[in-house]
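Peer 1: Generate the whole structure from the sequences, applying the supplied hints.
Protein chains: 2
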Amino acid sequence: MERDIRIVIIEDDETIRYGYAYLVGAAEGYYVVNTYASYDEAANSLAADRPEVILLDIQLPGTSGIEALPKIKKVLPDCHVLILTVYESQKQIFDALANGASGYLTKATPATRIIESIKEVKEGGGPMSINIARMVISSFMKNQDSPLSKRETQILELVAEGKSRSQVAKQLFIDPETVRTHIKNIYLKLNVNSRADAIRTAKDNRLI
Amino acid sequence: MERDIRIVIIEDDETIRYGYAYLVGAAEGYYVVNTYASYDEAANSLAADRPEVILLDIQLPGTSGIEALPKIKKVLPDCHVLILTVYESQKQIFDALANGASGYLTKATPATRIIESIKEVKEGGGPMSINIARMVISSFMKNQDSPLSKRETQILELVAEGKSRSQVAKQLFIDPETVRTHIKNIYLKLNVNSRADAIRTAKDNRLI
DNA sequence: AAAAAATCCCCCGTTTAGGGTGATTATAGC
DNA sequence: GCTATAATCACCCTAAACGGGGGATTTTTT
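Chains as they are written, first to last, in the UniProt record's numbering: chain A, 1 to 208; chain B, 1 to 208.
Keep in mind the hints are simulated off the structure, nothing from the lab. Please note that the accuracy of each hint is not assured.
Said to hold, decoys possible - Here are the simulated lysine-lysine pairs, PhoX-like style, with alpha carbons at most 25 Å apart:
hint, chain 1, residue 1, chain 2, residue 2
1, B, K91, A, K203
2, B, K150, A, K142
3, A, K122, A, K73
4, B, K150, A, K91
Unchecked claim - Label-pair ranges, simulated between beta-carbon atoms:
hint, chain 1, residue 1, chain 2, residue 2, range
5, B, K107, A, T181, 47 to 55 Å
6, A, Y31, B, T15, 41 to 49 Å
7, A, P77, B, S45, 46 to 54 Å
8, A, D204, B, R180, 22 to 30 Å
9, A, Q171, B, K184, 38 to 46 Å
Stated by the list, open to error - Covered, in the sense of this in silico footprint (three residues per stretch, anywhere, with C-beta under 8 Å from a C-beta of chain B), are these stretches of chain A:
hint, stretch
10, 159 to 171
11, 183 to 193
Glycine residues also receive a C-beta, built at the ideal position from the N, C-alpha and C atoms.
Peer 2: Structure below.
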């Protein structure tokens with residue numbers, strides 16, 4: 001028979017902390033080693049706890065969840081960390097995953113799903129709602145109703161790569177003067193008068 | 001009692017197609033309306049099939065899965081599309097999700113997981129392995145051992161925004177000549193001699 | 001037929017870029 | 001203490017690029 005999965009919960013809200021500890025601890029195959037109200041409180045005991053999975057709140061007093069992540073990974077490199085949060089903000093998700101989190105759960109997630117998720121990350125898979133993935137992707141998608149024509153967009157993209165008129169012209173097999181006219185029109189449409197402003201405006205409105 | 005979920009499978013490999021059709025069709029609550037070997041073959045019948053979920057192969061003869069996606073979404077806007085593929089290439093995942101796919105399954109995915117996934121996407125959630133998400137994220141992470149100093153990186157980022165020396169200088173409260181020196185050193189380190197080349201090289205190596 | 005997009009041309013003056021060569025200061029590593 | 005790296009500023013130079021005007025043609029789309 002398999003050993004229980006060792007779990008640590010770091011969450012400042014007492015109700016949620018005890019709730020999770022009870023729910024997860026009651027499930028077969030799961031052992032909640034310890035719970036803490038903050039990372040600072042957990043820091044010295046984590047190594048001794050030897051958790052395989054940590055449920056980590058983002059909003060913590062003192063060291064935030066994001067800040068705690070690399071520290072945790074340092075002492076427990078093989079430990080999987082599941083982030084708990086109320087908000088699904090894009091930046092949070094990015095930061096968490098970039099700092100080594102294994103997954104992301106909102107506090108609305110039902111207990112059964114959390115228990116599933118713990119098992120999944122332990123086995124190498126991972127939970128992640130498609131909505132979160134969509135947010136990531138949407139940040140790459142261009143605005144559908146851009147004031148710029150296709151050609152103008154294409155040229156602005158090259159300009160945003162730092163290319164000069166003549167470099168753009170060569171790449172598109174057109175005259176530098178044509179590139180120039182396009183850039184003039186882009187400036188008119190975006191109401192700017194420099195490359196930097198055009199790039200900034202275009203990026204802000206996701207035209208490029 | 002609930003209606004069965006109507007499913008269509010589009011997959012050129014006959015073995016896989018029949019295999020999936022059998023496995024999914026045998027599960028309770030799932031009804032495989034039709035199967036096709038290509039999108040071109042399916043195009044005229046899809047509206048009549050009224051599928052709620054489509055399993056769509058990426059590599060198809062004629063119209064590829066990626067090309068088919070927007071067409072499918074046009075006639076069946078509420079239909080969820082799960083992409084089937086052998087390769088987890090970053091570009092494929094991006095394109096698929098950007099074109100409206102609801103999820104992404106590799107062909108190694110066990111049948112039970114596929115059936116789960118169909119239900120999940122139908123109910124609004126979605127399957128997505130954390131590994132895929134990581135690939136997305138990793139494309140944003142900067143190289144840890146960059147040859148560029150912090151200041152150089154910072155300046156190159158501003159240059160990549162189309163800013164001139166004087167604009168960068170103003171923003172960083174330093175002399176344009178200092179900016180220039182930094183840019184020269186960047187060029188040296190990256191072995192380039194133009195802004196466009198520096199930006200390209202830096203982006204290729206994820207320095208910015 | 002009208003509008004939008006894409007192409008090219010010439011005027012002008014100002015700014016910028018990039019190569020070369022040098023210096024000072026502070027910080028960090030050996 | 002010495003050395004390397006980083007960050008700061010200076011002045012030489014030329015050629016290229018930029019942006020504001022003006023106007024024109026052609027193709028595509030509506």
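Peer 1: State the violated hints by number, sorted upward, taking the hints as numbered earlier in the document.
Peer 2: Checked against the structure, the hints that fail are numbers 2, 9, 11, while the rest are satisfied.
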